[in-house]
Structure formats: structure tokens, C-alpha cells
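**Q** Residues per chain, in single letters:
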Amino acid sequence: MWLVIIQLKIGIILTFFSLLFAVASLAERKILARIQNRRGPNRVGPCGLFQPIADGIKMLIKEDVVPRKADRALHFLAPIVMVAPMVLLFGILPYGGGLTLVDLEVGLLFFFAVSSVSELAVFMAGWSSANKYSVFGAMRAIAQMVSYEVPLVLVAITPVMVAGSLSLVHMVEDQAGYAIGVIPNWFVLTPWGIVGFLLLFVTSLAEANRTPFDLPEGESELVAGHLTEYSGFKYALFFMGEYFGIFAGSGLAVALFLGGGGAPLPLLQWIPPYLWFFVKLVVLVGIVIWVRASLPRMRIDQLMDLCWKGLVPLAFVNLIAAAIWHYSGGGWQGWILAGGLLVGAYLMLNRVVLRSRCSWERKYYLAKS
Amino acid sequence: MERMASHYRKSGGRWLGSGILRGMGVTLKNWIGSYFDPSRLVTVCYPGERLPLPENSRSFPFLIYDGDDPEAGLRCVACRICEKECPPECIHIENERDENGKPRKRPAVFDIDISVCMSCQICVEVCPFDAIEMDQIYAISTNARFEPLRLHKEQLLKPNEYFRELSPTRSAAADARREAERAKQAKKKEAGKKG
Amino acid sequence: MTSTEEVESISEKSERLLNISMGPQHPSTHGVFRMKAVLDGETVVKLTPVFGYLHRNHEKLAERTSYLGNMPYTDRLDYFCSLTNNWAYALSVERLAGIEVPERAEYLRVITAELTRLQNHLAFLGFLLNDMGVWATVLIYGFREREKILDLFESLTGARMMCNYMRFGGCRCDVPDGWVEEAKRITDELPGVLDELEQLLTDNEIVVARTQGVGTVPGRKAINAGLTGPVLRASGVNYDVRKVDSYGVYDRFDFSVPLGSVGDCYDRFMLRLLEMRQSLNILKAALNELPSGPIINPKAKNRNLRPPAGEAYGRIESPKGELGFYLVSDKSGTPYRYRVRPPSLVNLTLLEDMCVGQKVADVVVILGSIDIILGEVDR
Numbered sequence: 001m002w003l004v005i006i007q008l009k010i011g012i013i014l015t016f017f018s019l020l021f022a023v024a025s026l027a028e029r030k031i032l033a034r035i036q037n038r039r040g041p042n043r044v045g046p047c048g049l050f051q052p053i054a055d056g057i058k059m060l061i062k063e064d065v066v067p068r069k070a071d072r073a074l075h076f077l078a079p080i081v082m083v084a085p086m087v088l089l090f091g092i093l094p095y096g097g098g099l100t101l102v103d104l105e106v107g108l109l110f111f112f113a114v115s116s117v118s119e120l121a122v123f124m125a126g127w128s129s130a131n132k133y134s135v136f137g138a139m140r141a142i143a144q145m146v147s148y149e150v151p152l153v154l155v156a157i158t159p160v161m162v163a164g165s166l167s168l169v170h171m172v173e174d175q176a177g178y179a180i181g182v183i184p185n186w187f188v189l190t191p192w193g194i195v196g197f198l199l200l201f202v203t204s205l206a207e208a209n210r211t212p213f214d215l216p217e218g219e220s221e222l223v224a225g226h227l228t229e230y231s232g233f234k235y236a237l238f239f240m241g242e243y244f245g246i247f248a249g250s251g252l253a254v255a256l257f258l259g260g261g262g263a264p265l266p267l268l269q270w271i272p273p274y275l276w277f278f279v280k281l282v283v284l285v286g287i288v289i290w291v292r293a294s295l296p297r298m299r300i301d302q303l304m305d306l307c308w309k310g311l312v313p314l315a316f317v318n319l320i321a322a323a324i325w326h327y328s329g330g331g332w333q334g335w336i337l338a339g340g341l342l343v344g345a346y347l348m349l350n351r352v353v354l355r356s357r358c359s360w361e362r363k364y365y366l367a368k369s
Numbered sequence: 001m002e003r004m005a006s007h008y009r010k011s012g013g014r015w016l017g018s019g020i021l022r023g024m025g026v027t028l029k030n031w032i033g034s035y036f037d038p039s040r041l042v043t044v045c046y047p048g049e050r051l052p053l054p055e056n057s058r059s060f061p062f063l064i065y066d067g068d069d070p071e072a073g074l075r076c077v078a079c080r081i082c083e084k085e086c087p088p089e090c091i092h093i094e095n096e097r098d099e100n101g102k103p104r105k106r107p108a109v110f111d112i113d114i115s116v117c118m119s120c121q122i123c124v125e126v127c128p129f130d131a132i133e134m135d136q137i138y139a140i141s142t143n144a145r146f147e148p149l150r151l152h153k154e155q156l157l158k159p160n161e162y163f164r165e166l167s168p169t170r171s172a173a174a175d176a177r178r179e180a181e182r183a184k185q186a187k188k189k190e191a192g193k194k195g
Numbered sequence: 001m002t003s004t005e006e007v008e009s010i011s012e013k014s015e016r017l018l019n020i021s022m023g024p025q026h027p028s029t030h031g032v033f034r035m036k037a038v039l040d041g042e043t044v045v046k047l048t049p050v051f052g053y054l055h056r057n058h059e060k061l062a063e064r065t066s067y068l069g070n071m072p073y074t075d076r077l078d079y080f081c082s083l084t085n086n087w088a089y090a091l092s093v094e095r096l097a098g099i100e101v102p103e104r105a106e107y108l109r110v111i112t113a114e115l116t117r118l119q120n121h122l123a124f125l126g127f128l129l130n131d132m133g134v135w136a137t138v139l140i141y142g143f144r145e146r147e148k149i150l151d152l153f154e155s156l157t158g159a160r161m162m163c164n165y166m167r168f169g170g171c172r173c174d175v176p177d178g179w180v181e182e183a184k185r186i187t188d189e190l191p192g193v194l195d196e197l198e199q200l201l202t203d204n205e206i207v208v209a210r211t212q213g214v215g216t217v218p219g220r221k222a223i224n225a226g227l228t229g230p231v232l233r234a235s236g237v238n239y240d241v242r243k244v245d246s247y248g249v250y251d252r253f254d255f256s257v258p259l260g261s262v263g264d265c266y267d268r269f270m271l272r273l274l275e276m277r278q279s280l281n282i283l284k285a286a287l288n289e290l291p292s293g294p295i296i297n298p299k300a301k302n303r304n305l306r307p308p309a310g311e312a313y314g315r316i317e318s319p320k321g322e323l324g325f326y327l328v329s330d331k332s333g334t335p336y337r338y339r340v341r342p343p344s345l346v347n348l349t350l351l352e353d354m355c356v357g358q359k360v361a362d363v364v365v366i367l368g369s370i371d372i373i374l375g376e377v378d379r
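Protein chains in written order, with the working numbering: chain B, 1 to 369; chain L, 1 to 195; chain H, 1 to 379.
Treat the hints with care, since some could be wrong.
Okay, derived cross-link-like pairs now, DSS-like style, lysine-lysine, Cα gap no bigger than 25 Å in a straight line [unchecked claim]: (1) K148(H) <-> K184(H); (2) K363(B) <-> K243(H); (3) K184(L) <-> K299(H).
Think of the hints as simulated: they come from the structure by calculation, not from any bench.
Required output: the full structure, derived from the provided sequences and hints.
**A** So this is what it looks like as C-alpha cells:
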């Protein structure tokens with residue numbers, strides 16, 4: 001019986017995320033199109049709804065090209081190594097409402113351990129392709145992902161500190177209930193939570209190689225980076241891995257800061273928690289797509305600067321702010337102390353970054369003759 | 001020396017991230033706007049929906065004939081000016097010849113290789129007889145490289161009514177020119193008769 | 001342009017240097033341009049531009065074609081700005097043959113040239129941002145507006161890009177009914193679009209970080225290299241052929257020339273935005289003052305033109321810089337010598353100087369900020 005329930009849960013979760021992948025790939029194209037004053041795919045099925053199926057068939061029947069000098073085994077393995085750990089991540093997300101698969105005591109640790117395997121996959125892909133652009137992309141990917149693990153972990157530690165547990169389920173439970181009866185107790189509604197959430201969002205964008213941090217793929221400079229020599233279904237698998245990475249990252253953000261499956265208002269508590277979880281997750285994925293349509297790509301040195309000079313110090317300050325918040329017992333003292341600390345840190349960062357990187361102030365003469 | 005009238009100062013964002021947020025606001029406006037404001041959704045679904053072409057739009061040349069019979073109403077007199085002036089030399093004309101081999105003022109062969117034609121309409125400009133005009137046909141790809149893209153006289157000939165429909169302004173001007181020319185010719189003939 | 005010391009240090013380090021060939025098939029070389037880059041990690045140590053992949057024998061073709069027959073070939077030089085190419089060529093033939101141009105034709109030339117500048121700069125912004133990696137959004141916003149201008153071109157000249165509109169002594173055809181009103185409407189709409197683009201781009205921290213201090217060209221160096229157009233003016237050199245030569249009727253319009261101060265990619269990018277505003281001023285005045293009269297000098301001969309023996313150089317401020325045509329006539333129906341001074345090619349000569357020491361991602365941004373069209377570079 002226990003086995004059947006577990007398998008049922010696995011089935012539901014896997015189906016949901018596979019479907020979400022299909023929908024998200026369509027939604028990405030649709031939203032990008034809408035932002036760019038276009039209509040997006042609308043040929044296959046009503047409003048182009050069957051486009052993912054057409055894409056899937058196309059990917060399946062495309063020729064699988066492997067460069068002659070490629071390391072065939074690694075070239076074959078890389079897409080699998082990309083997807084497999086991402087699927088594992090779905091197992092520990094706290095969907096709530098009995099859909100949570102496993103409540104690991106060290107859930108967060110498991111999450112970071114498994115998600116960093118994708119770095120290996122990217123490097124395998126780049127190295128095995130025997131293409132200069134691929135290696136270049138892989139090198140960038142390694143530098144980027146290893147660096148961004150640091151602020152990611154630092155940010156994730158703050159809720160751990162406050163909740164006193166590494167278990168994601170426990171963390172969601174800690175955010176249950178409402179202050180003054182209406183405002184949910186989510187971590188994002190605290191000074192350190194806002195900053196933490198934003199930091200987590202930015203770092204998981206970088207972890208998932210999404211714009212503005214899509215340097216490993218860097219289409220305009222590196223052709224397609226580590227994906228240059230991939231085609232057909234292997235390419236689709238990379239694509240899937242990337243999307244699963246976004247889902248998992250968004251899921252983590254929802255669990256850590258957005259109250260997991262908690263309803264935003266007490267009135268709406270009748271909706272099952274896992275639905276809330278998925279709604280929040282989908283909103284975050286929408287924002288990721290919106291960011292992709294709006295922002296240019298950063299340069300590698302700026303990326304590193306942002307990580308080591310911006311995000312890491314801010315994450316440390318956030319850690320301290322969370323501690324202050326915790327020991328001042330929340331309330332207005334907490335807001336003043338922790339909020340003041342974070343605003344101060346932001347101002348410092350503002351000064352340092354704005355002054356050092358660029359002159360910023362420009363004057364243009366309008367010559368009459 | 002130089003008189004600097006004024007200048008434009010770009011002071012930039014004071015807060016880190018404000019520029020990014022403002023930019024994202026613009027894209028958000030376009031995203032939401034595309035559902036309500038038709039000016040924010042500018043594309044058309046091409047094969048089904050087609051925008052009307054302006055009257056002056058041009059693609060490839062065609063030959064005009066008057067009346068119903070293409071051979072009888074042919075305006076072209078095989079003067080070969082267009083053949084000479086065509087910059088990429090895509091027009092090929094051969095005169096009709098009578099039994100003695102003397103060329104007649106009619107084209108036996110009038111070919112335009114539209115794979116070479118660059119739609120410059122210089123042939124139209126130099127034609128003294130308003131016999132050649134620019135068509136608006138498009139999406140005329142074929143599955144072979146040479147023969148289907150080489151338009152012969154039969155394919156090129158189109159009635160004057162077609163041209164009137166295509167471009168009322170230009171065809172009216174051409175008709176007026178031809179009418180004036182005809183009147184002049186008639187006058188000349190009359191004068192010649194009298195003389 | 002690397003000194004011997006640098007070459008030596010390159011060979012010393014060559015163990016860990018990476019040679020990559022960017023182009024001719026590469027997503028952001030704006031056509032079939034190739035850069036042989038030597039990289040030390042991410043940094044560019046040496047960069048050799050290779051062009052000529054789109055060579056079409058333009059100059060020799062012109063020497064074998066009649067003066068009129070070459071007009072449509074000039075469309076295909078810088079295929080984004082066929083009307084300014086037409087104008088520059090018509091101007092030099094008019095100088096060679098001594099042909100006067102009626103006033104209305106001059107106004108129409110100014111109007112079409114400024115519209116060309118607008119649509120070129122709009123597309124430029126999009127391509128530059130595409131090179132920076134924003135996913136086609138700005139490109140499509142730019143193209144959305146460019147489309148309206150191209151529609152104007154189509155209803156005036158019959159073609160959207162290969163206009164073939166100007167003739168020696170005037171223009172080929174008059175404006176159709178309602179064209180001027182439509183042009184005025186678009187001119188009035190464009191400032192709002194420019195505001196939107198400025199809001200989207202000029203303050204964006206990533207755009208600023210990617211462009212400021214990248215590919216800086218000091219004014220003196222820009223003059224020495226013969227750069228023209230927005231690339232030169234971004235370095236603070238006040239040189240605009242519209243002001244210097246005041247060809248056509250440009251002296252009748254009140255407009256100013258925006259000048260940058262640093263000469264980096266950001267200045268080049270901002271200059272285009274500011275230039276578009278100035279173009280709109282010119283357009284507004286020209287559309288309001290458009291005089292009536294003939295559009296082509298009735299005495300001007302286009303077919304079988306045989307200019308007197310001599311030489312002439314006509315130049316205009318094309319959207320990309322100084323576009324000049326040098327013609328030598330030997331009284332025959334074809335030019336004896338025909339030479340184009342393409343702004344894209346001359347502006348490209350400083351590419352290596354701009355790129356060395358920058359990151360590889362900057363190379364595409366610098367290339368994008370120069371605004372080249374391979375049709376004009378390779379001819």
C-alpha cells in the first residue's frame with residue numbers, strides 16, 4: 001500500500017513537471033512574442049496549443065549529429081546527466097497536502113548536492129564536443145555556476161537559521177499562520193526575507209543559465225556555447241534539464257520564502273496547498289521569462305564582480321540581518337535594525353558599483369554649426 | 001570657432017537596479033498592452049492575412065496589350081531599348097521577321113529572366129510606348145532554377161484592364177499619353193494628306 | 001597594428017592562447033564578416049578582420065553599365081539605406097554633368113534621406129542590443145517603427161529597400177496623394193517611441209555596464225583613421241557633411257549635431273538616439289515647407305547620359321558616415337572610373353584597436369556599435 005501511494009505520488013509529480021515543461025516551452029515563446037508585439041506560435045492546434053507536441057516530434061526525428069572528433073561516450077551521457085539530477089530535486093520539494101514525496105531531514109543539503117551535478121553535465125557537453133566555442137562555453141559555465149553556488153547557499157542558510165531545520169517541509173510549516181489574522185507569516189514579508197528572496201531569484205537565474213546570465217550559451221558571441229554541437233533529442237534534453245532547473249529553483253524559492261503551499265489570505269485556505277505551491281511556481285517561471293525578454297546579457301567579468309563583490313557580501317549581511325531579526329523577536333525593532341542594516345548595505349553597494357564601474361554621467365553637446 | 005548651442009545631459013540612474021526595473025516596466029507594458037491595444041500587436045498571419053500593396057509597389061515587369069487579342073493589341077514594337085538599358089541584362093528580344101528576313105516591328109521572342117531581374121523598373125522608364133509595366137505578383141517560387149523563372153511573351157502579356165486595376169493613376173497617365181500621341185499622329189497624317 | 005613587443009609576448013604566451021574564427025558564419029557578424037581572434041582566456045589579444053566574402057564587383061560593374069543603369073546597383077551597397085546611396089550617386093553625377101535640381105526634388109531628397117536615417121538608426125539599436133544578448137525585443141520594437149517608414153518608401157518609390165528613387169536632376173516620381181500627411185503622422189508618433197526606447201535602454205545598468213568604457217576611440221585617433229558619421233561624432237569631433245557641405249537644402253533647416261565626449265560604445269549608442277531626434281526636427285520642417293513645382297529638371301538627361309570629360313566627387317552624410325562617389329568621365333556613356341567611399345569600411349578599420357584588451361563578448365558589441373553593412377564593406 002505504502003509503495004503504491006509513493007508510486008502514485010511520483011507519477012503525479014513527474015507528469016505534472018513534464019506537462020509544465022511542455023506548457024512552459026510554449027508559454028515562453030508566447031510571452032516572448034507578446035512582449036515583442038508578435039503573436040507567437042499559432043499554427044498547430046487551437047492558439048498553437050499543440051506546438052510542444054510538434055516540437056517534440058521534430059526533435060525526435062531530427063538527425064543526431066555527433067562531431068567526428070567528439071568523445072562519443074561523454075557526448076551521449078551529458079544530456080542524461082543534465083536531466084537526471086533535476087528530476088531528483090522534485091522529490092524533496094514540499095508541495096504540501098500529502099503530495100510531498102519525502103521529507104528529508106537534510107533536504108536543503110540534498111538539493112544543493114544534487115543540483116550541482118548539472119555543472120558536470122555542462123562541462124561534459126562542452127568538453128566532449130571538441131569545439132572551441134563549446135569548450136569556451138563550458139569554461140564559462142563552470143566559473144559561473146561554481147561562483148553562484150556560494151551566494152545561493154549563503155542565502156538559503158538564512159531561513160535555515162530562523163526555522164532551525166534543514167528540512168524544507170519544516171521550513172514551510174514555520175511560515176504557516178497569519179499575523180493580525182490576514183498577513184501571512186511568509187519569510188518574504190520580513191526585511192531579510194525580501195532581500196533573501198531577490199538574491200535567491202538572481203542566483204538561481206545564474207545557476208540555470210538564464211538571461212541575463214546565459215553566458216555559457218551566449219548566442220551572440222559563442223554561437224550556442226556548450227550546446228553548439230548538439231542537435232535533435234539530445235538538445236531537447238538539455239533544454240528540458242534547463243527548464244527543470246528553473247522549476248526546481250523556483251520551487252526552492254517558494255518553499256524557502258514564499259510560504260510553500262500556504263494561501264496568501266486566510267479566506268483562500270480551502271484551496272489545497274499543492275495548488276498554491278504550483279501557482280506560485282508558475283508565477284515565478286513567468287517572471288523568469290519576462291526577465292529573459294527584457295535584459296541584455298552580462299559580461300563574464302561583470303558576472304563575477306556581481307557575484308563576489310555584490311551578492312556574496314549582501315548575502316552575508318543578510319545573514320546577520322536575519323540573526324538580528326530573530327533575536328530582536330521580529331516586530332518594529334526588528335524592522336528598524338535589520339531593515340536599516342540591509343538598506344545601508346545596499347547603499348554601500350550602490351556607491352561602490354556605480355562609482356567604480358562606469359562614469360555613468362554623460363554630457364552630449366548639440367553643436368549648431 | 002564652434003558655437004555650442006546647448007547640450008544634453010545624461011545623468012543616469014541613482015539607484016542600482018532602477019534602470020533595469022524601468023526597462024522591465026516598458027516590456028511589461030508591451031506584454032499586457034498586446035492583449036488590449038491593437039497597435040501593440042503589429043504582425044499579420046501572413047498566408048491567411050495579407051496587407052494590401054500600395055499602388056506604386058513593384059515586383060517584376062509584364063507586357064501590356066490593348067483589346068482582347070494579345071497578339072493584335074501588343075504595344076511592344078521590339079525597339080529593344082529596354083533590352084539595352086536593363087542593368088542586369090535580363091531581357092531578351094528577337095524581332096519577328098518577314099519572308100525576306102527583314103525584321104518587323106513586333107517581338108517574336110520576348111523573354112524576361114526573373115531570376116536575374118532586380119525589379120529596378122528602368123525598362124518601364126525608358127519604354128517610349130508604355131508597353132512594359134511593373135507587376136505586383138509575389139510568392140512565385142518554382143522548383144527549378146532556369147526554365148520556370150524565364151518568363152516568355154505568352155506569360156508576360158497582360159491586358160490593359162489588368163494594369164488599370166493594378167495602378168489606376170499610372171495607367172490613366174499612360175492612356176492619356178497614348179491618346180495624345182495618337183491624336184498627334186492623326187493630325188500629322190491629315191497634314192500630310194493635305195500637303 | 002600590434003607592436004613588435006606585443007607580437008613577441010603573444011608568441012611567448014602562445015601555449016595558452018586560443019585562436020578562434022568568428023564568422024563568416026556566426027550569429028552576430030552582421031552578414032559574412034570574419035574576425036580571426038586570438039584570445040587569452042576571455043581577453044582579446046589580437047584580432048584580424050577578414051572581409052570580402054560579399055564582394056560583388058560593384059565598381060567594375062558600374063564602369064560597364066550606363067550612368068542610369070548603375071542607380072539600382074547603388075541601392076545594393078548599403079541595403080538599409082538605399083535612398084541615401086541614390087542621393088550620393090545622383091549628387092556626384094549631377095556635379096559631373098552640371099545638372100541643376102529643382103527645389104521640390106531637393107526637399108523630397110531631404111525627407112527621404114532623413115526617413116532613411118531614422119529607420120537605419122532604429123534597426124541599429126535593435127541589432128546592437130541583440131549583440132548584447134537581449135532576446136530580439138528591442139530589435140522588434142525598432143523594426144515595428146521601421147516598418148512604418150518602409151511602408152512610406154514603398155508607397156512612394158515602389159520598393160521597401162531597393163528604392164531606386166533618385167534620378168540625375170531630381171527624383172523619379174512625385175509623392176502619391178496623402179503621402180505627406182502619412183509621413184507627418186509617423187513623424188509625430190516617433191518621439192513617443194524614442195521615449196519608450198530610451199526608458200528601456202539608456203538607464204539599464206546592464207546596457208551601461210556592457211557599453212561604457214568599451215571600445216573607446218579618442219577623437220584624434222578617430223580623425224587619423226578617417227572615421228566619419230556617428231562613430232566619429234561620438235568621439236567629440238564636430239564633423240557632419242550636412243553642416244560642412246550643406247549639400248541639397250540642408251542649410252535651410254534648423255538642426256544641431258549631437259557630439260559625444262568619451263567615444264565608447266555607449267556614446268555611439270546614445271548619439272544615434274539623439275540624432276534621431278534631430279532628424280525628426282528636419283523632417284517636420286521639410287514636410288511643412290515642401291514646395292510645389294517640378295520634381296525633376298526637365299532638361300536633365302538620364303538615359304544615354306554622356307557627361308563632359310572630367311571628374312567629380314559627391315559626398316553626403318549617410319546614416320553610417322560620409323558616403324562618397326568619385327566619378328571620372330571620358331565622355332562615353334559609362335564612367336571611366338567609379339569609386340565608392342563606403343563609410344562602413346572606413347569605420348571598420350579601427351576595429352582591432354577598439355577590440356584588443358577587451359573581452360570576447362565586447363567584440364560583438366563593438367562591431368555592432370560601428371554599424372556596418374557588409375554590402376557596403378565588400379561592395
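**Q** The structure should be examined with respect to each hint, and the outcome stated for every one.
**A** Hints versus structure:
no.: 1; hint: K148(H) <-> K184(H); verdict: holds (12 Å)
no.: 2; hint: K363(B) <-> K243(H); verdict: holds (21 Å)
no.: 3; hint: K184(L) <-> K299(H); verdict: holds (23 Å)
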